[in-house]
Amino acid sequence: MNWKLCISLLFWTIAIPESAIAHGVIVQSQTTSAIKINATYDTGTPMANAEVRIYTPQDPTTPWMTGNTDENGHFVFIPDHDNSGLWEATVRQAGHGALIAIPVSPPGEQVSHSSENAIASNSASNPVQKWVAAAAVIWGFIGTALFFTRLKPSDETGDNSPPITSQESEN
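Per this note's numbering, residue 1 is the first one in the sequence shown, and the count goes up by one each step.
FYI, nobody ran anything at the bench for these hints, they're computed from the structure. All residues carry an ideal CB built from backbone N, CA and C; glycine is no exception. Hints should not be assumed to be uniformly reliable.
Said to hold, decoys possible - Simulated DEER-style distance windows between Cβ atoms:
# : residue 1 : residue 2 : range
1 : L146      : P63       : 49 to 57 Å
2 : K4        : D42       : 34 to 42 Å
3 : D59       : S33       : 43 to 51 Å
4 : G67       : F141      : 47 to 55 Å
5 : L86       : G143      : 43 to 51 Å
6 : N68       : I138      : 43 to 51 Å
Claimed, not checked - Pairs of lysine to any residue, SDA-like flavour, derived with a Cα cap of 25 Å:
#  : residue 1 : residue 2
7  : K130      : G95
8  : K36       : H74
9  : K36       : F148
10 : K4        : W139
11 : K36       : N49
12 : K4        : I142
13 : K36       : N83
14 : K36       : R92
15 : K130      : R150
16 : K4        : P63
17 : K4        : F148
18 : K4        : R150
19 : K130      : N49
20 : K130      : V104
21 : K130      : F141
22 : K4        : F147
23 : K4        : G95
24 : K36       : Y55
25 : K4        : R92
26 : K36       : K4
Use the sequences and the hints to build the structure in full.
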């Protein structure tokens with residue numbers, strides 16, 4: 001087995017830049033008379049034309065409103081303040097997305113004016129995950145190398161000639 005090739009593959013497997021693996025999503029909300037959602041990838045690129053679904057606390061399975069973000073990743077809506085509680089918004093685009101809980105209070109009560117409690121999917125992996133993945137790749141290389149280099153059992157006589165079949169022995 002070509003060990004230089006194995007070492008080279010191992011190096012490039014571990015050295016892949018994080019930006020090439022995957023990117024996460026950051027979703028924030030600001031509460032004024034309306035609620036403004038700002039959706040970006042963790043690289044800062046806006047999620048233009050991403051699908052947005054808004055759910056009320058009373059019916060978290062049926063969307064109360066659907067729409068798309070603008071080219072800057074913004075989406076604005078005015079909630080029904082009679083349905084106070086934690087509203088949920090999902091923002092999705094091309095397999096990436098996040099869920100954010102937005103507190104909505106009855107009229108006259110104060111609420112926090114911004115939220116960054118998004119649960120992002122497809123976020124970049126942390127260092128522990130990278131080391132576990134690298135160890136799994138190394139173990140895979142070792143296992144494959146051992147599989148292909150195992151010793152074949154030989155005859156007790158040391159003769160490597162093919163065995164005689166029953167048809168050849170009758171002649």
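Consistency of the hints with the structure:
1. With their beta carbons about 54 Å apart, L146 and P63 fall inside the hinted range of 49 to 57 Å.
2. Taking the beta carbon of each, K4 and D42 are about 36 Å apart, inside 34 to 42 Å as hinted.
3. Separated by about 23 Å at the C-beta atoms, D59 and S33 break the suggested range of 43 to 51 Å.
4. Hint check: G67 to F141, Cβ distance near 49 Å, so the stated range 47 to 55 Å holds.
5. Taken as a hint, the range 43 to 51 Å holds for the pair L86 and G143, whose Cβ atoms sit roughly 48 Å apart.
6. Against the hinted window of 43 to 51 Å, the Cβ-Cβ separation of N68 and I138 comes to about 44 Å, which satisfies the hint.
7. Restraint check: the Cα-Cα separation between K130 and G95 comes to about 22 Å, which is no more than 25 Å; the hinted pair holds.
8. Note on K36 and H74: the hinted pairing holds, with a Cα-Cα distance of about 7 Å set against a maximum of 25 Å.
9. This hinted pair does not check out: K36 and F148 have alpha carbons roughly 59 Å apart, beyond 25 Å.
10. Using a Cα cut-off of 25 Å, the hinted pair K4 and W139 holds, with the two alpha carbons roughly 17 Å apart.
11. For the hint pairing K36 with N49, the CA-to-CA distance comes to about 15 Å; that is within 25 Å, so the pair holds.
12. Between K4 and I142 the alpha-carbon distance is near 14 Å, which keeps this suggested pair within the 25 Å criterion.
13. Annotation: proposed proximity of K36 to N83 holds, straight-line Cα distance about 18 Å (limit 25 Å).
14. Between K36 and R92, the direct Cα distance comes to roughly 16 Å. Compliance with the 25 Å bound is thereby established for this hinted pair.
15. Simply put, K130 and R150 have alpha-carbon atoms about 30 Å apart, too far for the 25 Å limit, and the pair is violated.
16. A C-alpha spacing of about 56 Å is found between K4 and P63, which places the hinted pair above 25 Å, so the restraint is violated.
17. For the proposed pair K4 and F148, the alpha carbon gap of about 17 Å is at most 25 Å, so the pair holds.
18. Annotation: proposed proximity of K4 to R150 holds, straight-line Cα distance about 20 Å (limit 25 Å).
19. Proposed proximity of K130 and N49 is contradicted: the alpha carbons are some 32 Å apart, above 25 Å.
20. For the given pair, K130 sits about 39 Å from V104 by alpha-carbon distance, which is inconsistent with the 25 Å threshold.
21. Our distance criterion of 25 Å between C-alpha atoms is met by K130 and F141, whose separation comes to about 17 Å.
22. For a cut-off of 25 Å, the pair hint linking K4 to F147 stands: about 19 Å separates their Cα positions.
23. For a cut-off of 25 Å, the pair hint linking K4 to G95 is broken: about 37 Å separates their Cα positions.
24. Taken as a hint, the K36 and Y55 pair is honoured in the structure, with Cα atoms around 15 Å apart against an allowance of 25 Å.
25. A hinted pair counts as satisfied when its Cα atoms are at most 25 Å apart, and K4 with R92 does not qualify at roughly 43 Å.
26. Distance hint between K36 and K4 is unfulfilled; the C-alpha atoms sit about 54 Å from each other, more than 25 Å.
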